[in-house]
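Chains A and B, in that order, give the protein sequences. Under the numbering used here, the first sequence has 985 at position 17, and the numbering climbs by one with no breaks. Under the numbering used here, the second sequence has 971 at position 3, and the numbering climbs by one with no breaks.
Derived from the structure by calculation, the hints contain no laboratory data. Careful, some of the hints might be misleading.
List time: in silico EDC-like cross-link candidates among lysine to aspartate or glutamate, alpha-carbon distance up to 20 Å [claimed, not checked]:
(1) B:Lys-1187 to B:Glu-1273
(2) B:Lys-1081 to A:Asp-1132
(3) A:Lys-1211 to A:Asp-1132
(4) B:Lys-1206 to B:Asp-1129
(5) B:Lys-1081 to B:Glu-994
(6) A:Lys-1081 to B:Glu-994
Number of protein chains: 2
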Amino acid sequence: MHITALAGGTGAAKFLRGLTTAIPPEQVTVIGNTGDDTLIWGLHISPDLDTVTYALAGILDETKGWGVRGDSFRCLAAMAALGRDTWFNLGDRDLATHLLRTERLRAGESLSKVTEAIRRALGARCRILPATDSFVRTRVLTPQGWLGFQEFFVREKALLDVLDVIYDGADEARPAPGVVEAIAEARAVIVCPSNPITSIGPILAVPGIAEALTATRAKVVAISPIVGGAPVSGPAGKLMAAKGLPVSALGVAQLYSAWLDLLVLDTRDQALAPELLGLGVRPVVTDTIMTDRRREVALARAVVEALGS
Amino acid sequence: MHITALAGGTGAAKFLRGLTTAIPPEQVTVIGNTGDDTLIWGLHISPDLDTVTYALAGILDETKGWGVRGDSFRCLAAMAALGRDTWFNLGDRDLATHLLRTERLRAGESLSKVTEAIRRALGARCRILPATDSFVRTRVLTPQGWLGFQEFFVREKALLDVLDVIYDGADEARPAPGVVEAIAEARAVIVCPSNPITSIGPILAVPGIAEALTATRAKVVAISPIVGGAPVSGPAGKLMAAKGLPVSALGVAQLYSAWLDLLVLDTRDQALAPELLGLGVRPVVTDTIMTDRRREVALARAVVEALGS
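Next up, chain A with everything else stripped away, as it sits in the complex (with noise of 0.2 Å):
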């Protein structure tokens, strides 16, 4: 039993603490997002692999969702006296992952190594592998220009608004070794509860990936990362509609369709059950809110459950 789950950042991060409590770690492949991957001071940042890397090694700061627990922001408080644009967050303990991946994807190390050596220096005990080590970054078109995801999302929080995506790269993209692999030979693949267009979407984009989900032999179950016509958190919702998508369980559903098989979505919105059947996806509905541990296992277990039904 091998389950793989193509994951974004603080959604995911929640749910995959959830799934390896519910079944051990060491059978759970992460297939993460670098759409969000950005250079900040020079460094490398991986924002979502960070995220999930610091949630499965127990490292997470919770309240923040992202960075580390109890990080100081000491070299930051610097950079801003050094003058220093600061606007994205990087903790001091935080700094040396990037330092890290910096210096090693200079020496010309893959990421899909850096990261692999990063979660094994810290402790997460599930294999995590960027979608791809081709250079591929989502940008968000806004009524001031084509920006980077972080700096739509974080410097200018997400405000503005949002005319079109693209996943610059993603054509001559190739799957991180491993990434293929991964969703053909798993028992299950879950695609998380996070957007479908920023963390999901520049997976999908990378060629071969929506062709191995069509292809594998898995069950392949999405939880919705919209409840009650919003997103549980994050600019999903102004993302998905920007794609003329219906920012609803639907919506996910219809962008997973060609190979989705069962979409969990919240109880309040078992109304749209029967229109997912109409897409030929079994919906499965449960509470999907994981506002604490006990909720992020019993989603999990509900999702595994789902899985052998």
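Assemble chain B onto chain A, guided by the hints.
Below, chain B without anything else, positioned relative to chain A:
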């Protein structure tokens, strides 16, 4: 009245703090050593430039003699947890300086420009020029082979025998913009009480700088960093011996004799004064041990006075 000072790290920082109290800092140009520069975690570190800049900005950790006062080492601890070498202590605030420098150098800016930006941002009021924007690195030959200066000094704690010292890259190096002019146009040039081999040596190894010292009409005075047959701090003794020089004020005078007018030596070394005259160097005997701020200023005043006489 403008004074140009050739400077290493710790000893120079103390003297320059005294000098910029004795005379207005705007009248001082520092030419700093870059032979100790090194890459740590992929960051460009300029230990001597930083020590001088921090001292003149009033933020140097005076107990350690390097780094930022009251700094924390959380990134360093996280680096250790990631399995990275941590023999070179980089504080969290200090990191900002190295991040900024590295980012700008990678963008193609010169070390001079970055050094100027950093000293301005930190509020150091005298001009600080790296001796060169070219690559010059002090290499120390030990029974373990060639080591970079920081490897020898910090990692190996200067415990290894020294067989030779070279300045890698110096032959092709050029003085940084303003360096030759600062020597040519100064009213006086002061060689700080710094290690003659690995702090002042790499500056003198840059073609054009020793020539400028010979050509300048300014008086050139050095303060001996060797007192009572041993360096006040650091490994200068071992390094001078490796270069076949007596470990004394006399050895310092020999090394600088081509262009040195005055040598300030400690009262306990006054017996060496007649021998200096034989080298064509006028001795100035005073208390040179800077154990507190008052003595830093007193030494600077004595030097300025000797220059005036």
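Against the structure, the hints:
1. B:Lys-1187 to B:Glu-1273: Judged against 20 Å, a Cα distance of about 12 Å means the pair holds.
2. B:Lys-1081 to A:Asp-1132: violated, 40 Å
3. A:Lys-1211 to A:Asp-1132: Holds, at about 7 Å.
4. B:Lys-1206 to B:Asp-1129: holds, 8 Å
5. B:Lys-1081 to B:Glu-994: It holds: about 18 Å lies between the C-alpha atoms, which stays within 20 Å.
6. A:Lys-1081 to B:Glu-994: The given pair, whose Cα atoms are some 51 Å apart, is violated under the 20 Å limit.
In this structure, the earlier hints numbered 2 and 6 are contradicted, and the remaining ones agree with it.
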